[in-house]
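Undergrad: These are the residues of each chain, in order.
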Amino acid sequence: MRKIKSGDEFVFQIVMNGILALVLALMILPLWRVFILSVTPFKYIDSSFGLFVNPLRWTSEAYAQFLSHPSFLHAFRNSLIIMFGGLAINLFMTVPMAYALSVRSLPGRRALNFVAMVPYLFNPGLIPSYLVVTGLGLQDNLLAVMIPGAIGVANMFIMRNFFMEIPMDFMEAARIDGASELFILFRVVLPLSVPIMLTIGLFYAVGHWNEFFTPILYLNDANLQPLPVLLRNILMGLNTNEYVEYDTFSQVSIQSLKAASIFITMLPMMMVYPWIQKHFVKGSLAGGIKG
Amino acid sequence: MGQSAMIQTSGTGKPRRLHRGPGRALRTHGAFYLMLFIPLVYFAIFKYGPLVNAQIAFKDFMALDGVWGSPWVGLKNFGTFFSSIYFWELLRNTLGLSLGKLVLGLPLAVLLAIALNESSLRRWKHFAQTVAYLPHFLSWVVMYGVLLLLLSPDEGLLNEIAKALGGKETNFLQDPTWYPIVVILSDIWKETGWSAIIYLAAMTGIDTGLYEAAEVEGATRVQRIVHITLPGIRDVVITIALLRLGTILDAGFHQIFMTYSVPVYSTGDIIDTWVYRQGILDFQFGLATAVGLFKGLIGLGLVWTFNRIARRYADAGLF
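Heads up: the sequence lines are chains P and X, in that order. Note that this note's numbering has the first sequence beginning at 1, numbered continuously upward. Note that this note's numbering has the second sequence beginning at 292, numbered continuously upward.
Think of the hints as simulated: they come from the structure by calculation, not from any bench. Just so it is clear, the structure is predicted and the values come from calculations on it, not from any experiment. Using N, Cα and C, we set each Cβ at its ideal position, and we do this for glycine too. You may find that some hints are simply not true.
[To be verified] Some chain X residues flagged as far from chain P (calculated, every beta-carbon gap over 10 Å):
id, residue
1, Met353
2, Ser375
3, Pro471
4, Val517
5, His518
6, Gly523
[Said to hold, decoys possible] Computed from the model, here is a short list of chain X residues facing chain P with C-beta under 8 Å:
id, residue
7, Met326
8, Leu403
9, Leu407
10, Trp415
11, Thr421
12, Arg512
13, Lys586
14, Gly590
15, Val594
If we strip away everything but chain P, and leave its shape as in the complex, we get (with noise of 0.2 Å):
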């Protein structure tokens, strides 16, 4: 009996794991090959279907012309500047929002968070908010793409739950204390936060550095746009004259330099999340089921 039963365990588990690996392969897959092509010379492109590379012929060409490239730096610092300028926007408005919205015993709560929940649940589309932008006179300004985003209604309420699972004795005991409110929301709360700070952050932060709408949107001046849009024109062959002119001098291909530029843009995001996984598991789901 019991030997059979191990049996069933051992196909049970190769079935698991069997799926988990085919998985992993159709996942790692698409982005093995675009790594490949981004080190492939330009001789050797045709071959072995971009999904291998002689380890003695591999060349990092593309990067170097990519990464030294004017619009590359242009677009770089401009998707800095939206990242952490974004951010910290974002944190500015959500958290003291969100905090305010968790006391209980504040009059009117209700109200506030009705008021916030309206435009969550009803939104009239992309022309009434870009009247908004316009009409402030945002065009062409980096902070068209940083201002109309600055409040995620959801990621607002996520925070809000949070906070409300925090003992309000902490609170209670800071104010007895004689703390003020913001002392006690930067040295009680967010040190109790962490998890969801870094949750709510790293979305808000990906969120900016993978937009290339609203960019695309507001800004018509080339020398704002971030690095998705540049990789957009690149992909949509919308510039590459002046890649093809830099072409000429060197050993690699138009392909080569799509896949390193597809491979820089998506690089930061890679690095980053693994080290907030746990975090995001946890923070997510904690105000994400009560929403």
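With chain P held as given, fit chain X onto it using these hints.
TA: Coordinates of chain X only, in the frame set by chain P:
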């Protein structure tokens, strides 16, 4: 705003908070209202401003006259949309792509969660989980690049393989038959790992005593999954499905904006992309706003309805 405002010392020396009585709200909670001030100004401008501007759905919007100065035209913009040849096509594409993602994606996410939950190899499992989350953090621009290098006729892996096998090349991204399949599968590729999180969490919440009892009774692993794990996450699965149905009109604007092209409008154009083209590219602000407003209203109704059903269902399921 220090101690004296927040606390009143009663006769017994026990501190008591003052939060009752009119007029005291501002004194006791002033700091919180101050914290809310800038966010509320932001809400007024960027969240309620658009609601005010939505009135141009009922106007013949002229940039020079502005939102308030443009003449009212009643429901003309809505009529134009409903009677246009695009209406049914857009509705069909939007619902089809959305439902396709939900119906195919949800079971795969549950399957992945089961595999993760049952695997007894800890480090491998953790690695698989980390990799499965990755695509969720990638932008659709990056995804488009990956898709190009996989699917395009001249540089795509699939076409290279097809040609090596003697087949002919297919332009998957510009073929109206293939395009919806590419949209649905690439969305599943990107989001399945992320969606599995919530099912995995629901599974860890199941009472382990049930599994032990089943084991004593001689149930196989498969029987335990079918009779314990799946019923254990049923409520969560149904709740998620209902909430997703509430946003069924969001078929993935960024994804389609990034990957579609004129040849695939017939099967890939959705309400949001149409609104973008009509409004931003063709300056039909009134018409585009009417369609956005229509979508927003239906969306509101759907979210509200499915939320209620989910809440009722969860109650019924739990008690």
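Undergrad: Could you run down the list of hints and mark each one as holding or not?
TA: Results for each hint:
1. Met353: About 12 Å separates X/Met353 from the closest Cβ of chain P, which puts it past 10 Å; holds.
2. Ser375: Consistent with the label, X/Ser375 stays out of reach of chain P, its closest Cβ about 17 Å off (over 10 Å).
3. Pro471: holds, 19 Å
4. Val517: X/Val517 clear of chain P: closest Cβ-Cβ about 13 Å, beyond 10 Å.
5. His518: X/His518 clear of chain P: closest Cβ-Cβ about 15 Å, beyond 10 Å.
6. Gly523: Nearest chain P Cβ is 15 Å from X/Gly523, so the label holds.
7. Met326: holds, 4 Å
8. Leu403: Nearest chain P Cβ about 6 Å off; hint holds.
9. Leu407: Because about 7 Å separates X/Leu407 from the closest Cβ in chain P, which is inside the 8 Å limit, the hint holds.
10. Trp415: holds, 7 Å
11. Thr421: Since chain P brings a Cβ to about 5 Å from X/Thr421, closer than 8 Å, the hint holds.
12. Arg512: Holds - the Cβ of X/Arg512 comes within 8 Å of chain P, reaching about 4 Å at its closest.
13. Lys586: Holds. Min distance 6 Å.
14. Gly590: For X/Gly590, the interface hint holds, since the closest Cβ of chain P sits about 7 Å away, which is under 8 Å.
15. Val594: Result: holds, 6 Å to nearest chain P Cβ.
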